[in-house]
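> Here is what each chain is made of, one letter per residue.
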Amino acid sequence: KAGVTQTPRYLIKTRGQQVTLSCSPISGHRSVSWYQQTPGQGLQFLFEYFSETQRNKGNFPGRFSGRQFSNSRSEMNVSTLELGDSALYLCASSFGGGRNTEAFFGQGTRLTVV
Amino acid sequence: ELKVEQNPLFLSMQEGKNYTIYCNYSTTSDRLYWYRQDPGKSLESLFVLLSNGAVKQEGRLMASLDTKARLSTLHITAAVHDLSATYFCAVVSGGGADGLTFGKGTHLIIQP
Chain A
1 KAGVTQTPRY
11 LIKTRGQQVT
21 LSCSPISGHR
31 SVSWYQQTPG
41 QGLQFLFEYF
51 SETQRNKGNF
61 PGRFSGRQFS
71 NSRSEMNVST
81 LELGDSALYL
91 CASSFGGGRN
101 TEAFFGQGTR
111 LTVV
Chain B
1001 ELKVEQNPLF
1011 LSMQEGKNYT
1021 IYCNYSTTSD
1031 RLYWYRQDPG
1041 KSLESLFVLL
1051 SNGAVKQEGR
1061 LMASLDTKAR
1071 LSTLHITAAV
1081 HDLSATYFCA
1091 VVSGGGADGL
1101 TFGKGTHLII
1111 QP
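As given, the protein sequences belong to chains A and B, one line each in that order.
Position 90 (the first sequence) corresponds to 90 in the working numbering; numbering is contiguous.
Position 93 (the second sequence) corresponds to 1093 in the working numbering; numbering is contiguous.
Note that these hints are calculated values from the structure, not bench results.
Bear in mind the structure is a predicted one, so any value in this text is a computation, not a measurement.
Watch out, some of these pointers could steer you wrong.
[To be verified] Residues of chain A placed beyond 12 Å of chain B at every Cβ, according to the derived structure:
#, residue
1, 3
2, 20
3, 22
4, 28
5, 33
6, 81
[Said to hold, decoys possible] Footprint (simulated), chain B over chain A, 3 or more residues, beta carbon under 8 Å:
#, segment
7, 39-51
8, 70-77
[Unchecked claim] Distance condition first, Cα-Cα at most 20 Å in a straight line; then the derived SDA-like pairs of lysine to any residue:
#, chain 1, residue 1, chain 2, residue 2
9, B, 1041, A, 107
10, B, 1041, A, 95
11, B, 1104, B, 1016
We put the beta carbon where it would ideally sit given N, CA and C, even for glycine.
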């Protein structure tokens, strides 16, 4: 079955711009989580959506937001980009709903802010 | 706040040797994951550990979980070069939500 799909794979943006990243989970999975990976901070949890509702949020500023659609696809938006937002953004999908199952990661979107 | 600590963070070892990576976490959790990441790639799921005393093995890798000690180990047996990667443990904070808190990762280099 198809895995987690993230688009685009690579992105270059200028400071002050905004960006939207997309994640399509594995069919049947209702939970999508987003993570930021940087060399300095490692992997950090951004937020998690389940059935179109944000269930959990990490410690990131309000410039980082997301949403989930009825087909479980999720988007993440970063406004007013800063140089420090350059990172690999990963999304993970799982069944969610309290079921103890694996979280599968997409290939990531590498964002470079110049 | 849930904290996850891995050690060591860097490990260089020779093929054929055994070694263990440790993962400690600070609060009760109902799930612990081990992932592998190759340079420039995404995270590959290795193990999901759900209960105290859980042990899972795949090839030369074996993971275990002690929920009372809040400790998981990833043991590498007779290491081979192909196992060179960064290994992460991650813990779910619970409460029905699925967000993961990751350790900083163990960068493993296995030399021929």
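> Take the hints in turn and mark each one as holding or not.
Cross-check of the supplied hints:
Separation of residue 3/A from chain B is inadequate, the least Cβ-Cβ distance of about 9 Å not exceeding the 12 Å criterion. With a minimum CB-CB distance of about 20 Å to chain B, residue 20/A clears the 12 Å threshold, and the non-interface call stands. Taking the minimum C-beta to C-beta distance to chain B, about 15 Å, the non-interface status of residue 22/A holds against the 12 Å cut. With a minimum CB-CB distance of about 15 Å to chain B, residue 28/A clears the 12 Å threshold, and the non-interface call stands.
Taking the minimum C-beta to C-beta distance to chain B, about 6 Å, the non-interface status of residue 33/A is violated against the 12 Å cut. Interface exclusion of residue 81/A from chain B stands, the closest Cβ pair being 22 Å apart, more than 12 Å. Interface restraint, the segment 39-51 of chain A with chain B: holds (7 residues with C-beta to C-beta distance below 8 Å; minimum three). Counting residues of the segment 70-77 of chain A whose beta carbon lies closer than 8 Å to any beta carbon of chain B gives 0, which falls short of the minimum of three for the stated coverage.
For the suggested pair residue 1041/B and residue 107/A, the alpha carbons sit about 7 Å apart, so the restraint of at most 20 Å is met. With a CA separation close to 23 Å, the supplied pair residue 1041/B and residue 95/A exceeds the 20 Å bound. A distance of roughly 26 Å separates the Cα atoms of residue 1104/B and residue 1016/B; the hinted pair therefore is violated under the 20 Å criterion.
Hints 1, 5, 8, 10 and 11, counting from the list given before, are not met by this structure.
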